[in-house]
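With the numbering used here, the residue at position 42 of the sequence shown is 112, and numbering never jumps.
None of these hints come from the bench; they were simulated from the model. Among these hints, one or two may not hold up.
[To be verified] Calculated pairs, EDC-like style, for lysine to aspartate or glutamate (alpha carbon to alpha carbon, straight line, at most 16 Å):
(1) 214 / 111
(2) 250 / 112
(3) 89 / 167
(4) 181 / 168
(5) 95 / 164
(6) 181 / 197
(7) 117 / 252
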Amino acid sequence: MDIPFPKNLQEQMIDKGYKVHTIAKRIREYGGGYTLIADADDLYSNKISQFVFEHPNENGWVMKTGYEYIWNKNYLKYSMKHPPQPIVNYTLNELPEDLDEAMNSSEIGAKYIIRKGHGNIEKVCKELGRPLKKLPFPAHVYVKYHGDNHSLLNGQDSLLRRILRFFMPIIQPNKNTRMKNEFSIDWI
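Using the sequences and the hints, build the whole thing.
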């Protein structure tokens, strides 16, 4: 596939759509299964794979709590108001066979669940009678202020999120071995 490098937010979202669609096709080739889409600003717990393996018949989970790593200040904070991160057990029928779906910057009208975007997948799965459960442990680090946060580039960091962040205690990742090991944060 010969796709030019994206120059603006709309082109970035189209580029992301092609990548997610291509991943979905590959998952289909393997017969479906659990999938978690990661962006450049996501770090995930090394406990997720074992947890999913131990619960093979679930529809999936959504991570609603986690941590925010503030790149320009080098610290972590626990986050109760967290961007939802879905892990979905996709069937073959829920995954595309080819790139026939029109790619655009909007995920709302996307035909396949996997293309709906982090914030919409939980709702869509519930509407389809396949509700996702809450993952019972914080398993995500959202890395902020490093240049790859699409939502922050658009000023979508909500007032509630900013207030909650202010009151959450700071975790110094370089002094916390468990966090460094669980999330592979050895680069700080």
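Check each numbered hint against the structure and report the violated ones by number, ascending.
none
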